[in-house]
Every structure is written in C-alpha cells, then in structure tokens.
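Quick mapping for you: the protein sequence lines, in order, are chains A, B and C.
Residue numbers for the first sequence follow our numbering, beginning at 1 and rising by one.
Residue numbers for the second sequence follow our numbering, beginning at 1 and rising by one.
Residue numbers for the third sequence follow our numbering, beginning at 1 and rising by one.
Hints are not guaranteed to be accurate.
Which copy is meant is left open, because identical chains are indistinguishable; a pair holds if it fits in one copy or across any two.
[Claimed, not checked] Lysine-lysine pairs mimicking BS3-like chemistry, simulated, CA-CA at most 30 Å apart:
1. Lys43 with Lys341
2. Lys325 with Lys193
3. Lys43 with Lys325
4. Lys43 with Lys193
5. Lys280 with Lys193
6. Lys326 with Lys341
7. Lys280 with Lys43
8. Lys313 with Lys325
9. Lys193 with Lys341
Calculated directly from the structure, the hints in this document are not laboratory data.
Since this is a predicted model, take the numbers as computed values, not measurements.
For reference, the chains in residue letters:
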Amino acid sequence: MTLRELAERLHCRLDGDGEVEILRVTGIEHAAPGDLTFIANPKYQGFLETTRASAVLVTPGVSRPANGPALLVCDRPYLAFAQALGVLVRAALPGPGIDASAVVAPDARLGDAVSVGALVVIGAGATIGDRTVLFPGTVIGPGATLGADCVIHARVSIRERVQLGNRVVVQDGAVIGSDGFGFVRQADGSHLKIPQHADVVIEDDVEIGANTAIDRPAVGETRIRRGAKIDNLVQVAHGVSVGERTLFAAQVGIAGSTVVEEDVVLAGQVGVAGHLRIGKGVVATAQTGVPNSVDAGTMISGYPAIPNRDWLKSSAVFRNLPALKKRVVELEQRIAELEEKLEACRPSSEG
Amino acid sequence: MTLRELAERLHCRLDGDGEVEILRVTGIEHAAPGDLTFIANPKYQGFLETTRASAVLVTPGVSRPANGPALLVCDRPYLAFAQALGVLVRAALPGPGIDASAVVAPDARLGDAVSVGALVVIGAGATIGDRTVLFPGTVIGPGATLGADCVIHARVSIRERVQLGNRVVVQDGAVIGSDGFGFVRQADGSHLKIPQHADVVIEDDVEIGANTAIDRPAVGETRIRRGAKIDNLVQVAHGVSVGERTLFAAQVGIAGSTVVEEDVVLAGQVGVAGHLRIGKGVVATAQTGVPNSVDAGTMISGYPAIPNRDWLKSSAVFRNLPALKKRVVELEQRIAELEEKLEACRPSSEG
Amino acid sequence: MTLRELAERLHCRLDGDGEVEILRVTGIEHAAPGDLTFIANPKYQGFLETTRASAVLVTPGVSRPANGPALLVCDRPYLAFAQALGVLVRAALPGPGIDASAVVAPDARLGDAVSVGALVVIGAGATIGDRTVLFPGTVIGPGATLGADCVIHARVSIRERVQLGNRVVVQDGAVIGSDGFGFVRQADGSHLKIPQHADVVIEDDVEIGANTAIDRPAVGETRIRRGAKIDNLVQVAHGVSVGERTLFAAQVGIAGSTVVEEDVVLAGQVGVAGHLRIGKGVVATAQTGVPNSVDAGTMISGYPAIPNRDWLKSSAVFRNLPALKKRVVELEQRIAELEEKLEACRPSSEG
C-alpha cells in the first residue's frame, strides 16, 4: 500500500513522498525502509534524524528533517499506529469450516462461516455465533452460547451455560465458568462445598487473557461488562461484576461478590477483597491491596490501599525510617540533657 | 419440592406455609416467588419486609413479618443454604461411558460407571476409580491413579504417577505433577536441571482450582492432605505439604519444602517462602508475605508478615508518616531553641 | 549400579564400601538401604549418625561415623546429587513416533525421532526438531519452529510463528505467544485493540513453567534468552527481553517492554513495571514491586523496591511504628513542660 493510500485510511496529513510503498509497521528502533513507525512522545523527536523508516506518525508541530522520512501527521499517532497495524498486518485467523477431528454435539447450533479447529469439543445444546473462530483444543460446555465474531484461542474452557456476547476475544488456556471457591465449615471442621451452578455472562467486546480464570457463583451471576479488557493470569471470583471498559493488568485478583464500576484501571498484581465496591474510574497502581470500598475517581496505592499521593510520601519516609528513629533517639538524649540542666539551673536561679 | 419436604431434608423448623413449591435457591436481592434464600447475618433482617422469595433460611429469634415469606429456622442458615443447593440444583455431571474420541491406553484400569469425556487421554497403566468423571481434553499420565467419585474438569493435566484419593475435584486447566523448579548452578554460571520425578499425593476430598499448579519434587513427595481446598491460580511448589482442611485462596504461592499444618487459612495472593513450617490454624490476610515459620494459631499480615494486630497499628501510623516526620522536625527546632535559651539563661543564673 | 561406579560417574572420592548397590536417590530424612542422599550444609552432619541411607554425598572434611553410611566426597554435593538423579532416575519420556490421534498438518516438517503424543495438533508449516517430544494435547501453531531435544509437556500452546531453540522444556499448560495486552483509548472511551502479531523467540536451554504466559508484541519481539529458567504462573508481557541464565520464581510478573539483563534472580510474586531495565545480576526478594530501573548487582526488596539492607532496617522500624509515635508524643509533652519551666525560670534568673 502506498503511503498516500495509508494516509487516507488513517485520516492523517501527509508530509513527504506519498508514492513510497509501506510494507510493515514497526517500532522506531528496529525500523527499516518500507516501514511505518510512530513517535507518540515529542521527546523522542530526535529519532527522526536517525531512523531508517520510510514514514513516521507524528503529532502536529513536529518538523521533518532534511532527507528524513515522510511524516503522517495526526492528533493521536499511537491510535493511528494501532489502526495501521490493523490495515497492514495479515490476519492470523483460519478460514471457516469444521475440522474433521472436532467433536461437535449433534444438537449444537453453529452460525454462518464458523471456524472450528482441530480437536475442539462443542457440548450439547451449545450455540456458536456467525464467523466465530474456535482454535484447536478448546472445549465449549453444554448449553454455552457464544455470539458472533468471537475469537477463542487454543485450549480455552468455556464451561456449561456460560454466555459470551459478540466480538469477545479469549486467549489460550483461559477458563470461564469454573466453580467459585465456596465452602461452609461443618461441625467436624470439614468444608462442605456450596454447589456453584449459577451464571457467567461476558458481554460484547470483552477480551480475556491467557490462563485467566473467571468463576461462576452459587447464586446470581458473574458478569464482565461491555468492552472490559482483562490480561493474563487474572482471577475473577464468583459473583464479581466488572464494569464497562475496565482494564485489569496481569495477575490481578478480585475476590467474591465485589463490584468494579466502569472505567476502573487495576495495574499488575493488584488484589481486591470481597464484597466491596470500587467506584467509577478508580486507578490502582501495581500490587495495591484493596481491603475496603473505594470512592469513584480515586487513585490508590499501597497495602493496605491509601490515596496514591499519600502513599508516595509515606513510602519516601519509610525508606528513611531508621534515620527518623535515630533522630527521635537523639531528641530523647538532648531533652534528657536539657531536663538535667534545667534542674541544675533552677536551684541556682532561686539561690 | 414443597417447603415442608425441604424443611425436613435440611432439619429446619418451618414457620409459614409448608405447601409452597420451592423451585430454586438464590440470593436475597434477586429472589422471586418459588425461591428459597437466606439471611446469615441478622443485620440483613430488613430484607424480610421486601423480598419476593417464598421462603427464607434464618437463625432462631428472627420474627416473620405479616405477609412476609415463610421462614426455615436453623442454627446455621448458610450451611442449610449450601445443603439446599445440593438438593435443588440439577447436577451438571455427564453419565458414565467412554467417549469414542478418547484415547485410553489398553492397560489402563477403569472402575465401574466411569465417565470419560471427548478427547480425554489416559496413559499406560493409569487407574481410574469408580464413578469418577473426566471432562473433555483432560490428560491423565502413565501410572497415575485416581480414586472413586472424583470430578476432573476439562483440560486438566494429571502427570505420570500422581495419586489422587476419593472425591477429589479438580477445576479446568489445573496441572498436578509438573516438574519442580529445581536447578543447581554450574561452574560456568549455567543452571543444571535437577530431575524432578518423585511423588505427588492428593488425598481424599481435596479441591483444586482452575489453572492451579502443583509441582512434583526431585525426592520425597508433594502432598495435599485430606479436605484441603485450593482456589484458582495457586502455586504449590515441590515438596510442599499442605495440611488437612487448609484453605488457600486464589493466587497464593507456597515455595519449596514448606510444611503448612492443618486448618491454615491463606487469603488471596499470600506468598510463603520455602523450607518453613506454618503452624496449625494460622490465618494470613490477603497479600501477606511470609519469610519465616509461624507459630500455630497466629493471625498474620504484612510484608514481611507480623501479627495482624501490630500490622494494623503500624499501617495506621504508616499512612501518617509524613506528619510524624514533620513533628520530629518541629521537635528538633523547638529543642534547638530551648538549648539556645538555656545557654543564655545559665550565665545569667550564675551571675 | 554399585557405589564405586557411581563415585566414578560423579567424580567423587569414595569413603566406605564401594560394592553396595545404589538403587535410588532420596532426601536424607526418608532414606532407606540402597539409597544415596546428600548433606549440602555441614549443620546437618548429625544425620549421618541416624540415616538409613547406604551412601551420603558430603563436602571434604566430614568424618564418617563408625557403622555410618559410605561417603561420596566432593566439593559440591548438591550438584553431584542433581547429577546422580540424572544417572539413576528412569527417564519418563515416551519413545519416538506419531500417535494416530495427532492432527499434523501435511506441510509440517518433523525431524528424526520426534515423539508426537495423543491429540497433539501441529499447524501448517510448523517445524519440529530432532528428538523433540510433544506430550498429549499440545497445540503448535502455524509456522512455529521448535529446535531439537525440546520437551513440551501436555496441553501447551505454542502460538503461530513462535520460535523455540534447542533443549527447551515447557511444562503443562504454558502459553507462548498469546496476544500482548495492548489497547489504545478512543474518543468514546472504548479501547481499540492494537493487533499483536510480532515475534516471540525462546532461545536454547530455556525452561518455562506450568501455566506460565508469554505474550507476543505488536512490533519488535519478546525474547527469552539462553538458559533462562521461568517457574509456574509467571507473566512475561509483550516486548520483554529476559536475559541469559535469569531465574524467575513462580507468579513473577514483568510488564511490557522491560529489559531484564543476564543472571537476574526474581523470587516469587515479584512484579516489575514496564519499560524498565533491570541490570545484570540484580536479585529481588519475594513480592518485591519494582517501579524503576535497577542498577546491576543490586539486591532489592519492598514495595516500592529499595536496597534490601535498607528495607530490612525500615521493616524492623515499621513493626514498632506505634511505639515510635508514642515516643514522639512523649517528647512533645516533655518539651512543652521544658518550655514552660524555662519561661518560669528565666524571669527569676533575671530577678
């Protein structure tokens, strides 16, 4: 595709030779002739002098060096970069059809142009929407329903009666609908399993990462709302509600029945206790441990979680705690000396 | 089932119309006519006025509102709720039989009424106990032995020679018997793998969560004792012993050779170092990091772990550390002033 | 094998009866006649009096008790122990051949003596090196290349175009080449997926643990370098570079584009933020949270990470923070009293 065509597709202004052929999208450090790359941050502008890329996505105001690459100018180069990848990178999806080795229940309902890979299992009464792709080794439980245009990578478990919307992407090894961790202690100290047979609903445009686990509850439902994106190795416990457009980075864990409202961002390894409400737009930095509900719009850090600003300040003091303690010890010595001197002083002043 | 029949099954006292038909068990907020629900905590008693449920499990002493639902009275409503789910919720287990697509070694021994799902692999010399269910895509290694009445969900790995007792439940994607992480550094700095071929034993009534990993050791054994319940994405390293009735919440990690005694409770994301002993009944709150052995009966928190009570108090001071530091700075100023004044004072007192 | 033969194989000096037959390698506590065991730490020398082992690997200078076991003396008993396991423990690897139930693309290239287990899937154009073993249920994506002598355990996903070197070991359920977690927020607040189709390279002699996930990036590559060893349930995000001989314990997480240099050791549950450089030989203790780049050779701990020595000292003060605060309060009282007295003192001294 010529750079001119690409500029039109991406709604960018072209500054330079529009006839150059763009073959690849890449990072600026590894770029070669034929590549489109991007500078999201003006501080990397110096790369324009040295890059071998044929074209670079930049914000307005960046000036093109003599003999430098062509520029594609737009307000959000990173967004355009993502779009360029969608245009130029060959999709890896297999074509429609049912592999001969798949085991599909006779009463499963498959939409148009569904792609069922090798050794996929589709249980009784399951429904697969149009153009949905199931990669090899995936197991769809009885009565599960998947919408249209889903991409389910290899070796995923979608358990019985789980419901997926449209355009849901699930990475390899994820488990959706496993039994919630619910037990009740009996008189003899042993744990009675509380049967976990209620619903899991994954709404449209959700992405779920590799080896992530999403449990089903005993009653009620677990729900991941529209447009939420969940990274690898995340735990979503039974009865949790994850809000629209929420982002969970890898290894986040959410305990049972917690409600995460929309547009929340949890960085890597954050843990949230059960039965809480995490308000709209809350941001938790990596490894934050959240024992209580959090008001909307708050940025939190620490274990237990406190406002990020306070945590940064307290952490700065923490690393100097031994020095602070020493200052207290010194104060105690100085004050003891003063007390002694004052005792010595007062009688003489009375004399 | 009528409410009267259910009351008898659950050993509850019936207060209200016993002829009402109970169809479902649900949470109190979503209850509808035909539903049984519960109130475990008297503070939720107000729900009795508004719920649409036909019947509610309550503790003695709760009074039934006029026109309110029927009550089932018992000492432990939550336990009765779990039992009611077991009575009323249709089991999801497939019937006995070996799916034609399963690959079963000729010398594997299968008990009575075993259920082998699609695309299950059973290795040479493996033994599967009576009525055990293997969901699709599970791989049972050579020489592994599973007891009776186990439920092994989809895509589980039970590696060579692993032993499972009776009534063990394993959720999707779990791995039992993977190689322990054992290497020894050689003279050239590279790591020589220590072969990990020893035993893993999972005793009766254990539950293991989705995508959890339980490693085998080089020598000795890894053992999960009777009635322990392990949640999703948990790491149990080589040579660990997990005590009876222990509970591990999601994303817990136990390093090699540690002994966890009976009735321990580790909340989510707790980490325990290797070669330790965690005493009977220890409770660790979420994200606790345990670098040393812990005495029986202790409740711990923090990183590194300290008694929970101390941690709560220290954490309260932590969030105000900048203020504490400021007070120390002020003290230093005041004491400097005092020292100066006293210097000024003393000569005059001597005068 | 006789002890004398084993001594020669392990390059150890023999002290005792070389004709005894060694059948097993085991830990010292469970040793029985016919067993070889080891004492790596002289503080366990007392076990020599009581062990039932036939022979014990020890460092020079350990003296053999009367009627004690034979000794194999060498500088690094633990290394010799690992080597002895390699000699004496029967390998669990299946023989070469392609199971009839495997689904192998016609254009896949398989080397000599490859072992393809039951229900393995090998995609179009994939290459499998000589003597590599694929356990049941593993899925190799189109265009993936595996070197020689790899061992890929059950139910692994190796995604499209991923490259593995020689002697790579992958434990069950691991996912290599899943989509990186890359999204860009659009004007309406929704997240546009950045297509993740670039490369993942796993070099020679790497080991990857059970249910670990290694993501592919949008551009550039994710690379695990020669001899790195990665434990279970680890997250390696898109574009990360993991250095030679690096060790990651279980549940470590590395965010996108971070460079981990050679010989780094990250203990369990450590988290590292994105776009950082972790210098050669850095050691992070368990649960460390790393928000910034770290200089080579540093040992770090804490959240946020600080030098280990500082963290130990600060943590010691942390657990006594309430007492420290009390001391500050007492100082404030004493200083207030002093100020008062001095006020009282000075007029009289002027009198």
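Consistency of the hints with the structure:
Within a single copy, Lys43 and Lys341 get their C-alpha atoms no closer than 61 Å, and across copies no closer than 55 Å, so neither meets the 30 Å cut-off. Taking identical chains as interchangeable, the C-alpha atoms of Lys325 and Lys193 are never at most 30 Å apart, the minima being 50 Å within one chain and 46 Å between chains. Taking identical chains as interchangeable, the C-alpha atoms of Lys43 and Lys325 are never at most 30 Å apart, the minima being 42 Å within one chain and 37 Å between chains. Taking the shortest alpha-carbon separations for Lys43 and Lys193, only the inter-copy value of 25 Å comes in at or below 30 Å, while the best intra-copy value is 57 Å.
Taking CA atoms no more than 30 Å apart as the test, Lys280 paired with Lys193 passes between copies only; the shortest distance there is 22 Å, against 34 Å inside one copy. In this homomeric assembly, Lys326 and Lys341 come within 30 Å of each other (Cα to Cα) both inside a single copy, at 23 Å, and across copies, at 24 Å. Taking CA atoms no more than 30 Å apart as the test, Lys280 paired with Lys43 passes between copies only; the shortest distance there is 27 Å, against 32 Å inside one copy. Taking identical chains as interchangeable, the C-alpha atoms of Lys313 and Lys325 lie at most 30 Å apart whether they share a chain (17 Å) or sit on different chains (11 Å).
For the identical chains of this complex, Lys193 and Lys341 are neighbours neither inside a copy (71 Å) nor across copies (69 Å), given an alpha-carbon limit of 30 Å.
Going down the numbered hints, you'll see the structure goes against 1, 2, 3 and 9, while the others check out.
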